[in-house]
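Protein sequences appear in the order of chains W and C.
Quick note, the first sequence lines up with residues 1 to 146 if you use my numbering.
Quick note, the second sequence lines up with residues 1001 to 1251 if you use my numbering.
Possibly wrong hints are sitting among the right ones.
Claimed, not checked - One side only, chain W facing chain C, incomplete, derived with CB under 7 Å: (1) 21; (2) 25; (3) 56; (4) 69; (5) 71; (6) 72; (7) 100; (8) 102; (9) 107; (10) 117.
Treat the hints as calculated values from the structure; they're not laboratory data.
Every value quoted in this text rests on a predicted model; they were computed, and no experiment measured them.
Where is the CB? At the ideal position from N, CA and C, for every residue including glycine.
Listed below, chain by chain, are the residues.
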Amino acid sequence: MKQTIYLILILIAAVACKEVYEAPPQALLRATLLNSTTGGTTTPTVSVRGIGIESYLVKDSILSVLNLPLSANNESGFLITFGTIRDTITFTYKDSLKYASMETGFYNEYKLRHIDFSKNRIDSILITDSLVTQTLHENIKLYIHP
Amino acid sequence: MKILSFTFILSLLVVFSYGQKEPQKKIKPKRTDNYIRMKGIRLGTDITRPFQNLWTKGNRYGSEFSADMELWPNLFPVFESGIDIMKIKTDYIDYKSSGSYSRIGIDYNFLPAENKNDKNIFFAGIRYGFVLAKQQVNSYKIDSYWGPITGGFGNQNYFAHWAEFLVGIKGEILHNIYLGWTIRGKIKLNNKDIGMPPTYFIPGYGKAEKGFNADITYSVYYNLPWDFRKSIGGKKTSTENTNKKPTSIKK
Chain W
1 MKQTIYLILI
11 LIAAVACKEV
21 YEAPPQALLR
31 ATLLNSTTGG
41 TTTPTVSVRG
51 IGIESYLVKD
61 SILSVLNLPL
71 SANNESGFLI
81 TFGTIRDTIT
91 FTYKDSLKYA
101 SMETGFYNEY
111 KLRHIDFSKN
121 RIDSILITDS
131 LVTQTLHENI
141 KLYIHP
Chain C
1001 MKILSFTFIL
1011 SLLVVFSYGQ
1021 KEPQKKIKPK
1031 RTDNYIRMKG
1041 IRLGTDITRP
1051 FQNLWTKGNR
1061 YGSEFSADME
1071 LWPNLFPVFE
1081 SGIDIMKIKT
1091 DYIDYKSSGS
1101 YSRIGIDYNF
1111 LPAENKNDKN
1121 IFFAGIRYGF
1131 VLAKQQVNSY
1141 KIDSYWGPIT
1151 GGFGNQNYFA
1161 HWAEFLVGIK
1171 GEILHNIYLG
1181 WTIRGKIKLN
1191 NKDIGMPPTY
1201 FIPGYGKAEK
1211 GFNADITYSV
1221 YYNLPWDFRK
1231 SIGGKKTSTE
1241 NTNKKPTSIK
1251 K
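Chain C with its partners taken away, still in its complex shape (with noise of 0.2 Å):
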């Protein structure tokens, strides 16, 4: 029994031993590629959208742009807008709704750039989404016994905004052309109660009645090549120069 004892009292301190071992420092490598690559703004649009009703229930479409630039090394905000339709045309509903969108947001690259002329990024990013919408009932139909009961509802706007989380690639594959895919996770922030029927589409976010809604994006980018900075630049000494110039007739 004392031989058991001192065996968990010694394995007892070599535990503790370990545990009181010094910690690494861990050092995290700066970046070397803190300058911009991307000069100008980037434009796109997502090819995806026309064709949401080949994975979605009902007949859903729409279109999406989006802009972005390089504002900070590796940082691009980003405005996205679009609209979204959703119908759903069945022996007992006729439902429409319609909405125009729009997401601003940053998104900040992970990948390291090899050379000035990198431009392929892999990047995360947070959006904050909004639209005003509305929906219609146009006509629905209960099946009795009785004979079917018919009605509609008129039309309900609303306003709805949420909260997206994506990951990303976006990769140069002709001079100034970009092809890149997001994976986007949606937080419902909120969406008021509209009544009778309640909201069942928001448009740019999915299905009201669920919290968090997952999305695919695929878009082909074109980056407009107008060096902002340059230009301000030029101004600036141009502004310059042209003050100097009386200087220089004095002497």
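Just chain W, same shape as in the assembly (with noise of 0.2 Å):
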């Protein structure tokens, strides 16, 4: 009799568990910060905002690595503020739109084109990968003024 109500539960508990769907994956745009200087990973104080956008992503953050996410317009465009001076970097892309699977949905992936900034506190950019994918890695390497 216990085996059987413990199978009744167990099935229960299967089936108020079935229907967890995850978020689809996202692709982001990752930049590491270094020094132009020594080369070295630096770590400033970052205020990041999309052009256009009332929010910011990151506010007054010691960080060395930031994580863009990429509009569907095929170009984003950021203000990014190191300490108090301020640049900006635009991307230029090609979205592709991929299929994680029915329980999730899409998400988009970018090859990146063209990058434009400012060089108030940003002396270069490399592109060390063009593709941003739903695997986390780095695409850029932004050197900055110490």
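Assembly of the complex is requested from the two constituent chains, each provided in isolation within its own frame, with the hints serving as guidance.
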């Protein structure tokens, strides 16, 4: 009798758990922050928000890497503040729709084509991998003045 | 050392002599129930199909009907047909797939009959299944910092086929009424790439991404007590009789 009750409970638990759906994955552009003089990793206080977007992605945080979400318009601009100095970076890319599964849905991946940026604190940008995929990895090296 | 090698050779000889022992012939007893015990056609419906959503992810439901008959002793050709629908509706996707599938195959009964009225069977069988189906992603949503991205895809039609290996039982619980279950292993034979999005669900088979799917069915059957052999035999007899009549008139 006990075994039957346990079996029923397990079945109920299995049924109750079955409708859990994960959100689709997201492809983020990863930028590593480097000191333009030494070439080593740097950790400045950073604030980041998208151009035309009110909310900040990162606000006054000490970071050595930035993970930037790209829009579906083939171009995304960011205002990046290093301490008190502000720079803008605009990424131009080609986006492609990817299928994760019918349970999670779809997501976009991107192929970087061009980067425009101001040179207030940023010294230079090097593209290390132009393919922005759901597997988080370094896409650009962002060299900033100390 | 000599003793050791002598012992080793001796033990090898023992092993070889044992290996060369004349193999005993296995005598397989012949079946004594080589007669047709179930006359007529057995029609069935799978009572689990409408409730599949209880153990599968997504809202899956359908219905399935079957027909089988003992055409030769212990051999039952089977035809199964059904509809299968899969719906997934989450915050990120609204998906629907549906199709009408069919299976043809044969079952072999392993259970010897105790007498001519014993119609219970334990069987193994094979099936060939095929389906013409369609799927549609009515809408999808990608959450993003820049605002949600939405879209959808039109109808996609596809054909798929698969093979099944199964075991099961059918027991007569009341006169001409049977209950039975089967455990099925399904192997996908082919499913063409239909582009974006790929086929997610194959009605009658299951998830398309899997090369193998397991399933269980539980059915109720009714045996239409129509002995087609008797009626064919009866017709022949009546024709023979009609032909014979003129002869008797001549006399």
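Against the structure, the hints come out as follows:
no. : hint : result
1   : 21   : holds, 4 Å
2   : 25   : violated, 10 Å
3   : 56   : violated, 10 Å
4   : 69   : holds, 4 Å
5   : 71   : holds, 4 Å
6   : 72   : holds, 5 Å
7   : 100  : violated, 9 Å
8   : 102  : holds, 4 Å
9   : 107  : holds, 6 Å
10  : 117  : violated, 19 Å
Violation of the numbered hints given earlier is confined to hints 2, 3, 7 and 10; the remaining hints are satisfied by the structure.
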